[in-house]
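Order-wise, the sequence lines are chains A and B.
The first sequence begins at 9 in my numbering and counts up by one.
The second sequence begins at 101 in my numbering and counts up by one.
Be aware that a few hints might be false.
Partial pick of chain A residues on the chain B-facing surface, computed with a CB cut under 10 Å [as the list claims (entries may be wrong)]:
#1 18
#2 19
#3 22
#4 25
#5 29
#6 38
#7 88
#8 114
#9 116
#10 122
#11 154
#12 161
#13 165
#14 167
#15 170
With a straight-line cut-off of 30 Å between C-alpha atoms, the simulated BS3-like cross-links for lysine-lysine are [what the hints assert, rightly or not]:
#16 B/691 / A/168
#17 B/413 / A/70
#18 B/523 / B/497
#19 B/523 / A/155
#20 A/37 / B/691
Don't read these hints as lab results, they were simulated from the structure.
Ideal Cβ placement from N, Cα and C applies to all residues, glycine included.
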Amino acid sequence: MNYFDLFALPHSFSLDLSQLSSAFQALQKTAHPDKFAHASAQEQLLAVQKSATINDAYQTLKNPLKRAEYILLERDTDMPSEQASFQDNFFLMHQMELHEMLEELSTADDVDSAVDQARETLDTEFQTLFIQLEQLLQTHSNEADTKACEVVRKLKFYQKLQLELERIEEQLFDD
Amino acid sequence: MALLQIAEPGQSTVPHEHRLAAGIDLGTTNSLIASVKSGLAETLLDDNNRDILPSVVSYQADAIVVGDDAKAFAVSDAENTIISAKRLIGRSLNDIEQKYPNLPYQFVGNENHPNIQTRQGEINPVQVSSEILKSLAKRAEHALGGELTGVVITVPAYFDDAQRQSTKDAAKLAGIEVLRLLNEPTAAAVAYGLDSLSSADQKNSNEGVIAVYDLGGGTFDISILRLNKGVFEVLATGGDSALGGDDFDLLVVDYLVKNLGEEAGLVRPLSPSLERQLLQQACFAKEQLTTQSSVEVKLSLPNNNSFTTTITKEHFDQLIKPLVSKTLRACRRALKDAQITTDEIIEVVMVGGSTRVPLVRSEVENYFKRTPLTSIDPDKVVAIGAAIQADILAGNKPDSDILLLDVIPLSLGIETMGGLVEKIIPRNTTIPVAKAQEFTTFKDGQTAMAIHVLQGERELVDDCRSLARFELRGIPPMTAGAAHIRVTFKVDADGLLKVTAMEKSSKVAAYIEVKPAFGLEESQITQMLTDSMSNAEQDMQARMLKEQQVEAKRVLESVQSALAADGDLLTEEVRNNIAKGLFNLVDVTQKSAESVTGIKDIEEAIAQVDKLTAHFAELRMDSSIRQALAGHSVDEI
Chain A
9 MNYFDLFALP
19 HSFSLDLSQL
29 SSAFQALQKT
39 AHPDKFAHAS
49 AQEQLLAVQK
59 SATINDAYQT
69 LKNPLKRAEY
79 ILLERDTDMP
89 SEQASFQDNF
99 FLMHQMELHE
109 MLEELSTADD
119 VDSAVDQARE
129 TLDTEFQTLF
139 IQLEQLLQTH
149 SNEADTKACE
159 VVRKLKFYQK
169 LQLELERIEE
179 QLFDD
Chain B
101 MALLQIAEPG
111 QSTVPHEHRL
121 AAGIDLGTTN
131 SLIASVKSGL
141 AETLLDDNNR
151 DILPSVVSYQ
161 ADAIVVGDDA
171 KAFAVSDAEN
181 TIISAKRLIG
191 RSLNDIEQKY
201 PNLPYQFVGN
211 ENHPNIQTRQ
221 GEINPVQVSS
231 EILKSLAKRA
241 EHALGGELTG
251 VVITVPAYFD
261 DAQRQSTKDA
271 AKLAGIEVLR
281 LLNEPTAAAV
291 AYGLDSLSSA
301 DQKNSNEGVI
311 AVYDLGGGTF
321 DISILRLNKG
331 VFEVLATGGD
341 SALGGDDFDL
351 LVVDYLVKNL
361 GEEAGLVRPL
371 SPSLERQLLQ
381 QACFAKEQLT
391 TQSSVEVKLS
401 LPNNNSFTTT
411 ITKEHFDQLI
421 KPLVSKTLRA
431 CRRALKDAQI
441 TTDEIIEVVM
451 VGGSTRVPLV
461 RSEVENYFKR
471 TPLTSIDPDK
481 VVAIGAAIQA
491 DILAGNKPDS
501 DILLLDVIPL
511 SLGIETMGGL
521 VEKIIPRNTT
531 IPVAKAQEFT
541 TFKDGQTAMA
551 IHVLQGEREL
561 VDDCRSLARF
571 ELRGIPPMTA
581 GAAHIRVTFK
591 VDADGLLKVT
601 AMEKSSKVAA
611 YIEVKPAFGL
621 EESQITQMLT
631 DSMSNAEQDM
641 QARMLKEQQV
651 EAKRVLESVQ
661 SALAADGDLL
671 TEEVRNNIAK
681 GLFNLVDVTQ
691 KSAESVTGIK
701 DIEEAIAQVD
711 KLTAHFAELR
721 MDSSIRQALA
731 GHSVDEI
């Protein structure tokens, strides 16, 4: 079943998250295995399956990048595989610079402000791309959808950098 | 069960049957059992009016002794008296020896199945836990005046798959039906959620984010939950399944041995009984220091010597400070995972006896910048929450609005080339969950694939917990990278994992119910069950028959109430066929006690009903899901 239909939500990238969350909770109140703990084995199994689907649907729609991918998949957009080579050399070069920026954090004179600055850089660039993605997904054309795929891939690079920054931060400020 | 009764639509066929259910807090140091009696959850007492059962089992020559009676043997017969078995459950020998080098037991068995040598033979930690469960269940059946339908057993949120599975195995050995394994902090949140958090004097108090800080005897958990109209959604959980009040004791013992050892004649290796005595004194000191500024520790040494020394609160605090800081680091990570800041936390709940230590309280208060809630006895709160949930799961509260959405504490993944772990389900994913990932072959013509299931956060296989290994064989020979092997992970509502693997083009499948490498094998459990019965073969048969009869009753009840509620979704023909299936099930169940093939007959009749109602069950589920949202959008307008 389509995830948007499951939650009775419009098929749209912009989503009211509180509406999503209350629809999710309403569904789990009927399908969760706890509601079937005294029922037959068959019903228990069915409840686990349904409940797992609802959980997966919720996680997919809650996370903006996963939601974008889901929409693109729904529109039958041809998505390049994760391993396919990336064409945008300028973007790749810039990614390497950002990596270096993160690597140098631990040796910065003022670690705190360097971390803050790095975070701001990543957040700003992520936001710029994210706005692009929103616009592309609203266009509803094959061309725009193909471009949107590329933007999603780029955003994933940023997501990895953000995770990396978190890891570095944890190391720097632990103990 | 002569005639099938059909109730009013929407009503249960058995409206007034109250099923006896209980919640068990199977703790490292102490265990409790609680139940809901006339709407109120309370702990159940033994014949001497005690509710706390020390988690101690002593294997004496003529009997297995549990609780306070076993504790009496702790020093005099340390090797045969197992305390804190929860710290050993689901762990490898290597793991145990590294973490607790001075245990007074003789370990036997192999690396993955460590047993303790007692005078009653080799005993597995699962068996020790099962004795504690048995004792509690007996107490409950006595107190409630009937047989238990099922129990909810609590486990630390940070328990891994092996530890959870072993806990469930312990219940199986004890002959107890487990309705659910429930995470301890979630149970505590339920206990508080129905009490102080929803009380009228606190504005908006039943909505918002709370933190549960649970420091027990052997484990530490931190859970961050969002409460909203009866839904307890765990946003993140963290902790350490080998950090608790016991570790405070160990630090004190190590301090005594290292600093006063020569003076007092305490040089390791010490006798098991002396190690045990040291631990008891350390624990005593810890407890005294919650209210006193210093405590005198006395040890009776061999040759009628004795030794006395003083420990101050400052010194004790200094010893345990690093461990308390470690718990706060776990809190910080859990908050980060939940994407919540300390300012957003409306309440901090303290659970577990070790939260009585003043330094723990003050540090938690400092960190969260608010006074933690301690209004429910930290020793009882988990059992009380478990009892509330057990009452609901048993079906005694069909209109209950409570829903617990819990998560897995540690990521699950499989080994890929180069000893790396590919995560399939990340930590803090809401359960139940099913996730699949595709892998491919490494060499041309490869026909088999080893699948190594791991749990943990680190990148390298060696740093993660190995849960199980299995092989997918019979992959058609193809060029490297051409095969598509789909590995599916399913985690149920108890947090237990099942893994399947399938090659897509040939549909060659391998299936494994991940029985962790460090637990008991199914055959061992059956063997232990048989061993425990006086008339093994017959008793085992009787037990299996009873299990099938119970399941038959469940099937009857649930299909009947389904027909009563939604029978109009079906054609008359289908309804008649289902009715025939039910009559057959009633018939074989009635005859099963006299028939040699009774167990098998019921199994077959249930399978037949399942087949007849499979589509109906699915229809009902989908229709109730649609209704849930229809009602929901009306609410919102």
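> Which hint numbers does the structure go against, in order from smallest to largest?
Replying inline: Of the numbered hints given earlier, those the structure breaks are 1, 2, 3, 4, 7, 8, 9, 10, 11, 12, 13, 14, 15, 16, 17, 18 and 20, listed in rising order.
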